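Undergrad: Line order of the protein sequences matches chains S and A.
Take the first sequence: its position 116, counting from 1, is numbered 116 in the working numbering, and each next residue is one higher.
Take the second sequence: its position 58, counting from 1, is numbered 589 in the working numbering, and each next residue is one higher.
To be clear, the hints were calculated from the coordinates, so they are not data collected in a lab.
Note that the coordinates shown come from a computational prediction; the quantities given were computed from them, not determined experimentally.
C-beta: ideal position from N, C-alpha, C; glycine also.
Treat the hints with care, as some may be off.
Said to hold, decoys possible - Now the stretches of chain A that chain S is said to cover, found in silico as 3 or more residues with beta-carbon under 8 angstroms:
{"hint": "1", "region": "605 to 611"}
{"hint": "2", "region": "941 to 951"}
{"hint": "3", "region": "1004 to 1012"}
Stated by the list, open to error - Below are the BS3-like pairs computed for lysine-lysine, each with C-alpha atoms no more than 30 angstroms apart in a straight line:
{"hint": "4", "chain 1": "S", "residue 1": "LYS55", "chain 2": "A", "residue 2": "LYS755"}
{"hint": "5", "chain 1": "S", "residue 1": "LYS273", "chain 2": "S", "residue 2": "LYS199"}
{"hint": "6", "chain 1": "S", "residue 1": "LYS55", "chain 2": "A", "residue 2": "LYS635"}
{"hint": "7", "chain 1": "S", "residue 1": "LYS388", "chain 2": "A", "residue 2": "LYS812"}
What the hints assert, rightly or not - Here are the computed distance ranges between Cβ atoms for each label pair:
{"hint": "8", "chain 1": "S", "residue 1": "ILE108", "chain 2": "A", "residue 2": "ARG631", "range": "27 to 33 angstroms"}
{"hint": "9", "chain 1": "A", "residue 1": "ARG631", "chain 2": "S", "residue 2": "HIS189", "range": "30 to 36 angstroms"}
{"hint": "10", "chain 1": "S", "residue 1": "LYS28", "chain 2": "A", "residue 2": "PHE561", "range": "21 to 27 angstroms"}
{"hint": "11", "chain 1": "S", "residue 1": "GLY113", "chain 2": "A", "residue 2": "SER619", "range": "34 to 40 angstroms"}
{"hint": "12", "chain 1": "A", "residue 1": "ARG631", "chain 2": "S", "residue 2": "ARG79", "range": "57 to 63 angstroms"}
{"hint": "13", "chain 1": "S", "residue 1": "ARG287", "chain 2": "A", "residue 2": "ARG631", "range": "29 to 35 angstroms"}
{"hint": "14", "chain 1": "A", "residue 1": "ASP750", "chain 2": "S", "residue 2": "GLY493", "range": "42 to 48 angstroms"}
{"hint": "15", "chain 1": "A", "residue 1": "ASN662", "chain 2": "S", "residue 2": "GLY113", "range": "49 to 55 angstroms"}
{"hint": "16", "chain 1": "A", "residue 1": "ARG631", "chain 2": "S", "residue 2": "ASP187", "range": "32 to 38 angstroms"}
{"hint": "17", "chain 1": "A", "residue 1": "SER723", "chain 2": "S", "residue 2": "GLY356", "range": "53 to 59 angstroms"}
{"hint": "18", "chain 1": "A", "residue 1": "GLU1067", "chain 2": "S", "residue 2": "ASP220", "range": "52 to 58 angstroms"}
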Amino acid sequence: MAAISLLNPKAEVARAAQALAVNISAAKGIQDVMKSNLGPKGTLKMLVSGAGDIKITKDGNVLLHEMQIQHPTASLIARASTAQDDMTGDGTTSTVLVIGELLKQADIYIAEGLHPRVLTAGFDKARFKTLEILDKLKIPIEVNKESLLDVARTSLRTKVHRELADVLTEICVDAILAIRTDNKPVDLHMVELMEMQHKTATDTQLIRGLVLDHGSRHPDMPKRLTNAYILTCNVSMEYEKSEVNSGLFYKTAEEREKLVTAERAFIEERVKKVVALKRKLCDGTDRSFVVINQKGIDPMSLDMLAKEGIIALRRAKRRNMERLALACGGVAMNHLDDLHESQLGYAGLVYEHILGENKFTFVEECKIPQSVTILMKAPNKHTLMQIKDAVRDGLRAINNAIDDKAVIPGAGAFELTAYKELMAFKDSVKGKSRLGIAAYAEALLIIPKVLAVNSGFDAQDTIVELQEESRLNPEPVGLDLSSGEAINPKEAGIYDNYIVKKQIINSCSVIASNLLLVDEIMRAGMSSLKG
Amino acid sequence: METREILSLQFGHYSNFIGTHCWNIQERSFEYNSTTPSEINHDVLYREGLTLKGEVTFTPRLLLVDLKGSLGTLPESGNLYDPQVPPSTVDTWGQGVEIRESDKLPKNALQQQLDMHNSLRTNSNLDNAVNVWSDFLYPRFHPRTVNIIKEYMHGGESEFDVFPLGAKLWKTEQFAEEFADKIRNYIEECDSFQGFHVTLDATNGFSGLTSSCLEYINDEYERKSILAFPVIPSHYVDSEDERRPLKDSICVLNLALAFEMLQEKSSLFVPLCTGSNGWRKPGEPRKFYHVSYNSTSNYHTSAILASALDTITLKHRLKSRHDSLGDFCAYFNTHGRAAAGASLCLPFSLNKNADFIDCLDNWEGPLTQSITPNCTIGTDNLVQMFTLRGIPENRLKRPLPNANKQKLMSAYNCNSVNEMLNFYLSCNYYICLNNVTTVSQGMSVKTPFPNIFDEFVGNNGNIYGDSRPMDTVVESVPILAGLHSGLEVGTMLESLHTEAKRIKHPHKQQFITEGLEELELSESLNKLLELKECYENN
Ligand SMILES: Nc1ncnc2c1ncn2[C@@H]1O[C@H](COP(=O)(O)OP(=O)(O)OP(=O)(O)O)[C@@H](O)[C@H]1O
Ligand SMILES: [Mg+2]
Chain S
1 MAAISLLNPK AEVARAAQAL AVNISAAKGI QDVMKSNLGP KGTLKMLVSG AGDIKITKDG
61 NVLLHEMQIQ HPTASLIARA STAQDDMTGD GTTSTVLVIG ELLKQADIYI AEGLHPRVLT
121 AGFDKARFKT LEILDKLKIP IEVNKESLLD VARTSLRTKV HRELADVLTE ICVDAILAIR
181 TDNKPVDLHM VELMEMQHKT ATDTQLIRGL VLDHGSRHPD MPKRLTNAYI LTCNVSMEYE
241 KSEVNSGLFY KTAEEREKLV TAERAFIEER VKKVVALKRK LCDGTDRSFV VINQKGIDPM
301 SLDMLAKEGI IALRRAKRRN MERLALACGG VAMNHLDDLH ESQLGYAGLV YEHILGENKF
361 TFVEECKIPQ SVTILMKAPN KHTLMQIKDA VRDGLRAINN AIDDKAVIPG AGAFELTAYK
421 ELMAFKDSVK GKSRLGIAAY AEALLIIPKV LAVNSGFDAQ DTIVELQEES RLNPEPVGLD
481 LSSGEAINPK EAGIYDNYIV KKQIINSCSV IASNLLLVDE IMRAGMSSLK G
Chain A
532 METREILSLQ FGHYSNFIGT HCWNIQERSF EYNSTTPSEI NHDVLYREGL TLKGEVTFTP
592 RLLLVDLKGS LGTLPESGNL YDPQVPPSTV DTWGQGVEIR ESDKLPKNAL QQQLDMHNSL
652 RTNSNLDNAV NVWSDFLYPR FHPRTVNIIK EYMHGGESEF DVFPLGAKLW KTEQFAEEFA
712 DKIRNYIEEC DSFQGFHVTL DATNGFSGLT SSCLEYINDE YERKSILAFP VIPSHYVDSE
772 DERRPLKDSI CVLNLALAFE MLQEKSSLFV PLCTGSNGWR KPGEPRKFYH VSYNSTSNYH
832 TSAILASALD TITLKHRLKS RHDSLGDFCA YFNTHGRAAA GASLCLPFSL NKNADFIDCL
892 DNWEGPLTQS ITPNCTIGTD NLVQMFTLRG IPENRLKRPL PNANKQKLMS AYNCNSVNEM
952 LNFYLSCNYY ICLNNVTTVS QGMSVKTPFP NIFDEFVGNN GNIYGDSRPM DTVVESVPIL
1012 AGLHSGLEVG TMLESLHTEA KRIKHPHKQQ FITEGLEELE LSESLNKLLE LKECYENN
């Protein structure tokens, strides 16, 4: 490369300009695909594969993962945006839109001869300023149901239809409030998401306890127990031949038989310990007994337990050991010696539900469940997937709000305010980099513009009207998607996450700058594009 | 009779080619209303299920992994449990919807026939109709079977090419949670689960994915056996000259890392390839009498490897025996000998009207041909196991009154095919520990098995003096497959070690970039050498 540029420095410049043009057009392309997703009025996308697989989504992140993006620049943008989602669970679509818009704006200035370096310097200044503006817009919240409902609802209504969104909003907020203990960070894994292909989406519900995706494997085990002790353990109750050293040849049949008997007796002992505890605690009372084991339980052991009226589940999820302890109390046991009542959990109701070949076990009526289950229902797989994606986003939006202890007014209010203040700030900056600041401010407006277009309003008209309103109004002004007029997002309860906006501001500026300084990208390019 | 269940795992496209043939071979031999019941206990590898509509299903207990775009016309969750719906009928709650529909891929004749009749009525030649494995897939899968990696595209120069990428991929939710859960779902429903059959593409990123998966399995399902088949295609599609030396080096390093992890994490592993060299270049195609196959066709070569795999694993899938997978692996894996070589005789050529005794008497050279790269199996100092299928007991020898010359052979005293093959081995192999399994039914090679047999192979796989008539198809064949452990296996490992050692830094770069440390790499190579030493006579 060096040799060529020595011979003909112009070639290098031309090549860079060409690469820039390619980057800009790729960014526009991916922006076009994603545009129609934004906001509650965005359109649903149905992706149908060559084999007829259907995937329905309104989520930018899901879409980017499903689409086949060939162009390296587009794929870089896609990766930056999905990385955004990995961190905060939201804002993918906005990221793509803003990056695209930053490049479009830059294109105008570069065509007029401005060096990309000057622009990116302006972007950088604008970014700092925008973060300041964002901090000023923060609305502090108390962690309570009312304030969390708003942010959850805003998020969920951008993902599924209104009626379902409202069902899920309530569920997600209740779930988080149930597992949250004061001032400790929430572990979202303690909300189990369980799918059931059954009934309709709005039948989705919160179970204040656990739903396991398996049931007992013995015909005589009870299908329902009340007032139950729960023994959670990670102890094999399954006979397995001990470490074989070529059983085929080195052992006589008799020797092997002996070994088998000894091993079996060993397992039997374990089961007997459980049975003894159950008898001690339950016999003669109205209490019952449930065993949930992470390891296997073989038919002979199941048989012994069934005879005692115990429900026993084998091969529970590793994570359910922790969840069960939080939902029912008790401790997950790694051995069965000296078992004691205090190590057991409690559930008021344990029962089995069968759907085709799938069994579900509900562990409910727990005392103070700190692990809960969102039981998602829908008649088909693609709806289940859509609900699952939405619930995840909802949970993260709530969790972000708790972490941030604040929210940001949505419906384009933040972007409009930032525009107004950046334009004022620009005038205080000397030199050409102010052009970069103007471009940046302009680019942010893409959010309210697209929100308007997706609701059937003219982008330009709407923006003019909103800016007018914003000038007169000290409060942040947003867009009412049903009337196309200005609203106060606070009054309408439309809130976004602070952390999400912050991420968008940071990642958009960085990616757009990198794409503009195309030379550097080309060199660093190939390795950073992989993996 | 107690069934000891096995879960099959297939990692990568070539593995799925082999797997597809294996499932085809099995299902094409299902007899629903036959008077001669199968000798195979299908419950070992299959599971019974129930759809939401209450229909009973019988599907492979299988999880497979492949890259995005590798499925062709096969929907990801199949259509057994959830019939596909046309996009226009999908409920979108009155919201605006934008449909992005990829072009509907055309189905080949075989798949059309299966769609229409749910069975195959005619035999067809699929040589030009197979691009991906689903093109010749006969059975229908459980919805949880297929797992597609969205991060990497199938075809061309795939970017999923080095071991550490696979290891990284395992950490994503799709694997660490969903895939792991699917394993658990399968095992939870088993009453007497014994272990895993694992087939993996060992030359690319799938080796690393498998490694992490096996680590998880060892952790979560301790004491369950793992029989692994690292496989190497006999032909690479992307033979772009300029990049090929680099790609070859990458293959070799992946293989070395795969073998090293398998010695630690599997109960026994058996490398398979129809090319004789395997490592850098697949090399000369292995030859089989009465077979002519296209060594650049995955569809052909995977059929050969599948025949071996299906036959080798018969031992612990029979109704009549109670061999366990654990015993099977432990038979070979003593003193750290975690690797074994495989060999095959396809078809096992028994002449029409001839008896097994004459066949063996006239046999020249070794019984089987190696299908493990860089591994020429000899005739002494071996621990080995043979499985012969397709020689019914009535073809053993003539009854005494018309036995003629047969009477003079000492083998005439043998009273079963099994006994006679054992006897043959004891006469022709020296200081060997032999184990023989025999099954009287042949292996089904009906469509979609490729027609790779020459004109002298008859309908039942026996060899005829003259060409078979045009309208006769080969339906089943006798087959002999062997597994071997001995010095030769050590030699194979040594040759891989030598190849890997030779690779210079630039060709290792991609592994380092993706997070593997130099030191780890050289340690892995050392361990490979240690494994080789386990095969030296002390
Ligand atoms: N009721 C509403 N009225 C107006 N604007 C809204 C409303 N609800 C949400 N918005 C706005 O919609 C935008 C978010 O849309 P959306 O969630 O579709 O995209 P995203 O968060 O950028 O990406 P992702 O697809 O990852 O969620 C935010 O700017 C938000 O303020
Ligand atoms: Mg969003």
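Undergrad: Confirm or reject each hint.
TA: Do the hints match the structure? See the list:
no., hint, in the structure
1, 605 to 611, "holds (count 4)"
2, 941 to 951, "violated (count 0)"
3, 1004 to 1012, "violated (count 0)"
4, S/LYS55 with A/LYS755, "37 angstroms, violated"
5, S/LYS273 with S/LYS199, "42 angstroms, violated"
6, S/LYS55 with A/LYS635, "15 angstroms, holds"
7, S/LYS388 with A/LYS812, "46 angstroms, violated"
8, S/ILE108 with A/ARG631: 27 to 33 angstroms, "30 angstroms, holds"
9, A/ARG631 with S/HIS189: 30 to 36 angstroms, "33 angstroms, holds"
10, S/LYS28 with A/PHE561: 21 to 27 angstroms, "55 angstroms, violated"
11, S/GLY113 with A/SER619: 34 to 40 angstroms, "52 angstroms, violated"
12, A/ARG631 with S/ARG79: 57 to 63 angstroms, "20 angstroms, violated"
13, S/ARG287 with A/ARG631: 29 to 35 angstroms, "57 angstroms, violated"
14, A/ASP750 with S/GLY493: 42 to 48 angstroms, "47 angstroms, holds"
15, A/ASN662 with S/GLY113: 49 to 55 angstroms, "51 angstroms, holds"
16, A/ARG631 with S/ASP187: 32 to 38 angstroms, "36 angstroms, holds"
17, A/SER723 with S/GLY356: 53 to 59 angstroms, "24 angstroms, violated"
18, A/GLU1067 with S/ASP220: 52 to 58 angstroms, "56 angstroms, holds"
In summary, the numbered hints that this structure violates are 2, 3, 4, 5, 7, 10, 11, 12, 13, 17.
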